[in-house]
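Start from chain S and add chains C and U according to the hints.
The lines below spell out each chain.
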Amino acid sequence: MDRILCLILFILIGFSVSTVQAQDSLYHVVQKGETLSEISLIYNKRIDRILRDNQLQTELLEIGDSLLIILPAKSTYLLSLKNGKISESKNNNIDTEESIQKSNSVAKKSFEQEDSIQNKDQEINETKVSKTDSSTNKESLYQPNVVESQIDEKSGILDRISSLYKKITISILSYNYGSKLAHYVILTNLVLLFFTLIMLIIGFFSRVFKVFRDKKQKRYSEFFENVLTHFLFSTEDELDDEAGLSLRYFKEERIAKTRRERSWLIKLFIQLHNDLVGESEEHLKSLFLMHRLDKDVERNLKSKRWYVKAKAIHEIGNMELGNFADEVKVNTKNQNKEVVFKSILTLIQLDKKNPLAFLSYLEIPLTEWQQIQLFYALGSLDETKISFDKNWLKSKNDSVVIFAIRFCIRYNRHEFIGLIKKNLENPNPLVQIEVINAIRALGNESNIELLKSKMSTRFSEKKQALIKAISLLQMEPDSLFFQNIIRQSDYNTALIAAKAFYSIPSGIEVLERMKLDENEPEMVRSIVTHALDRRL
Amino acid sequence: MINQGKILIVEDDLLTQKALEFRLKKDGYTVVKASDGLKAKELLISENPDLLITDLMIPFVSGLELIEFAKNQLKKAIPVIVLSAANQEKIILDSFNLGADDFMSKPFSPLELTVRVKRLLAKNG
Amino acid sequence: MNTFDFFQKSYLFVNTFIFIYAISVSTFYILLAIFAFKGMRRHKLKDMYFDQRIILSSEYSPALSLIAPAYNESLTVIDNIRSLLSLHYSNLEVIIVNDGSKDDTLQKCIETFDMEPVDFAVNYAVNSKEIKTVYKAKNPAYRRLVLVDKVNGGKADALNAGINISSNKYIVCIDVDCIIEQDALIHMIKPFLESDVRVIATGGVIRIANECEFRNGNIMEVNMPKSFFPRHQVLEYLRAFLMGRMAWAEINGLMLISGAFGVFDKEIVIAVGGYDHKTVGEDMELVVRMRKYMHQKKEKYKVAFVPEPLCWTEAPSSYKVLSRQRNRWTRGTIETIMMHKDVFMNPKYGVMGMVSFPFWVIFEWFAPIIEFAGIFLLGAMAFFGYVNWFYFWLFLTLVYCFALFISTISILFEEFSYPQYRKVSHLFWLFLTAATEPFLYHPMNTWAAIRGNWDIYRGKKTWGEMTRTGFTNKKAR
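Residue numbers (the working numbering), protein chains in the order written: chain S, 2 to 537; chain C, 3 to 127; chain U, 85 to 561.
For reference, chain S alone in the conformation it holds in the complex (with noise of 0.2 Å):
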């Protein structure tokens, strides 16, 4: 299922309502003569609240006290400092001086009266607004002289910004421009804004010049096979003139100038080679050294980042650079884990004495991915170099002897049978699996009551391995053994013992005749003639 990471936070609409600042606020120096019912007039406040708000006792003002006024959420008074002077002029209104005056008047009735209710009729109205309206803020502005004062100071980038910034600010937060919380967030916006263009224009410029950088590849490459392709099957003066000259071309090393078009080649070299065997493959070793790339596959062999190592060193197993072999040596020892394995195999492919030598002292677990790795390497070697040590077979690293016993079994390294065979004990189940596979392919008839001992086990996988081997290394039919499993085990179990019928010569008699006995329990049947189409 694919759940939207969604933009959850678009429910932020439903709470710009109050949040943090459900209401503006800001302070009053209180002036020479003011009253507190004057300013209570001013801000269509009621006194006792102003007074709660300011935790006063008495309405007794002081000149220079300095209110806090918490203006209800609706309201957008604009005020303006004129001359010492506080004046007011509401702006978001779509009503007129009626209606300020109206509000007005209504405001001071219901200073006296504890009624909430009116407040919030009084609000309603002033709350027609139009969104539009709102915005009109910016227009009708005035900046605080404070404010203003300090954009005039000195110059220089960081305070150009600085200054744009605060214009920035100051024409959408006007005379909320004291409010913390607005400039984080305008300013988180701009970052957002700012890295959400960077990664735009470097998304655009990628593209377009990845557009540009594959259609020269794809023509590159084309070119390049061509050529290659020419150069490994032709001798010089069998070619055409075409191919004579981008041949020339090519020897002269006027192809794959940059280092770019070197790596695209080198690509191409190294798909062409894993295709390839025999003389072909010589030939190309041969091109490639002509072309000295393999001064690239050097440069890149010293790169500090791993994955370009890696890389190198895949391109130098699989060209067989061996003079490179010291080099990839001391790699194995690198700290980069997959440096280290790529470099193991790589030693195995350039032939190297005792590649395998690692698994000696292997603490982690070899995954099966390495392995098959590790036997694809091993499987361009000559079987009697690969040099083997059956310390590996007793090793306590139980991925390092599952290893060493499937090379036995593929190698046929019948004379450390007995050794494998002590592995049966082993705890792990798949180490235990492995060891009857080895039974199976290597050992005899001898091993047959062995395996029959270990029938008594609750793996089933291990049972069908058990019962595989049994079925293989037999020399006299024993049908009642395999029937009796196939009535008393589960059902997978079962099926493989009656496929094991196919290796005990007239077996498949045997199965058809349990197909068609009726003293046979259903499920036997029923199994017992699944097993019987090979397609199954």
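No incorrect hints appear here.
Pair by pair, the computed Cβ-Cβ distance ranges are: (1) D539/U <-> S26/S: 44 to 54 Å; (2) K211/S <-> L115/U: 21 to 31 Å; (3) K27/C <-> E364/S: 49 to 59 Å; (4) K27/C <-> K222/U: 37 to 47 Å; (5) N413/S <-> K78/C: 42 to 52 Å; (6) K354/S <-> N126/C: 45 to 55 Å.
Taking lysine-lysine and the DSS-like style, the derived pairs with C-alpha atoms no more than 27 Å apart in a straight line are: (7) K384/U <-> K397/S; (8) K128/U <-> K338/S; (9) K268/S <-> K20/C; (10) K219/S <-> K507/U; (11) K92/C <-> K220/U; (12) K296/S <-> K330/S; (13) K219/S <-> K27/C; (14) K130/U <-> K217/S; (15) K130/U <-> K334/S; (16) K43/C <-> K220/U; (17) K219/S <-> K28/C; (18) K73/C <-> K192/U; (19) K122/U <-> K338/S; (20) K41/C <-> K219/S; (21) K220/U <-> K73/C; (22) K286/S <-> K130/U; (23) K77/C <-> K222/U; (24) K507/U <-> K268/S; (25) K130/U <-> K305/S; (26) K455/S <-> K381/U; (27) K253/U <-> K92/C; (28) K43/C <-> K222/U; (29) K463/S <-> K253/U; (30) K397/S <-> K386/U; (31) K397/S <-> K381/U; (32) K211/S <-> K122/U; (33) K463/S <-> K92/C.
Rough simulated footprint, nothing fancy, chain U against chain S, three-plus residues with beta-carbon under 8 Å: (34) 209 to 218; (35) 354 to 368.
These are computed hints drawn from the structure, not numbers from a lab. Think of the CB as a built atom: it goes at the ideal place given N, C-alpha and C, for glycine as much as any other residue.
Just chains C and U, lined up with the frame of chain S:
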């Protein structure tokens, strides 16, 4: 060089396809190529090649199907060489059971391939 | 003391809660982006010299059983089966489960591939409705193919039937109308082989195939869909997969593998009882159950993720189908969460219990609810005149900028990992979609999720006997 015969190569890896094409052309064969099984089927009918070299894992119509088609559904059955990276026993058996005349696993030797091609074409006359 | 004060205070409380919620979501998204980046980068670099042939030719490559339930797919089933048969993998079994189709899906398959019934001894290892017949092809060229005809039971049930029939160790569960890339299986099996702990499942990336060109069941050219719904889903899937799931897999907290494409360890699947047909979110539910099982057995394990684009699907292009799908997804999520309540904040269940499951509950389930409630509340507050419009706009822009930021990150992820959208105009369309998403598409989804919640509350179960909603406009060429 005398025309030694027409060979259809079916291979979806374009580089390998090119290598095969050049190798065979050099030996004097006419080469027709396809990158997927469907096109291959069309070409088998329209071009009447003398030999089929095919990979097993190709798009649209699998190599195995192609073998069967080349052996049973053409006016005249043609020899088939399978060239595949997958070399497990089952696959090899399947190919032969369906009638393939030869199986080469990748990586392959182009020289060896030409020898096998020659042999098969000679047998079929 | 008056009600107004009380109202205001509680309101403030709710407000603050929402604010914190929003901040934590954003933080999580940033964290997810970081983890996704790490995982993606490492995966891509390791991939630089991966030779697929090694897996193809190795005898130790595990055997796979691919299970594709099919219901009324007559138009495209043959093409799809063909493309499945030519997947690059040596030891593969393709099991098509005909879930009691009412059209001629079954007949078409039998005819085209010349199949005949076989005496298959079915072992009902996991629950599934009765399997009527199993078919195999007479022609050995189609040896990989197995056709199963069964009584209709829904997707989960069909998958279970496939599991019962399968004979290999790993199962690949797909939607038959998805297009799988040729070398997909090679990429998907790799995590199982490379890990030193047991990998119980691997998920892949689903890409949108709308308006792309395909031929005979294979993708030929990738296009960025221009129509409204698919376009938005492209962006959505990029975020969900490349940023979301990659990150979860990186911390081993992935608990959702898409039903359209996933590989599982069959032994574990059988041990937990297979897919559960009682829920519409069977894909997520299975993974959660499998993870629980491994914790109960106290065995180390991993759920892996492969970021290559391997599976392409046709996404709903009409609102009707899309909202039905999202409704179903919501119900699936809720059902899974309710069925496994005990995982929530339970340290016994490791990363899943302490991180991803709570995340799913709080940020995936509740989010649309909170969002919807928020909008509702906003409306009410606006009506009563308590909205400070200044701050409203301020926060709105903040939210929008952040959303744009995150979407752009995911676009960049796509661009720098495995870019499928090759033209510059594609990138432009993606960004345009990101810019307009919050206004129309997103609310639609939220609404569908709310409906899903409502439906669950009202007791609507599953998708009934009609099984899956097949996507209506397929390119049947």
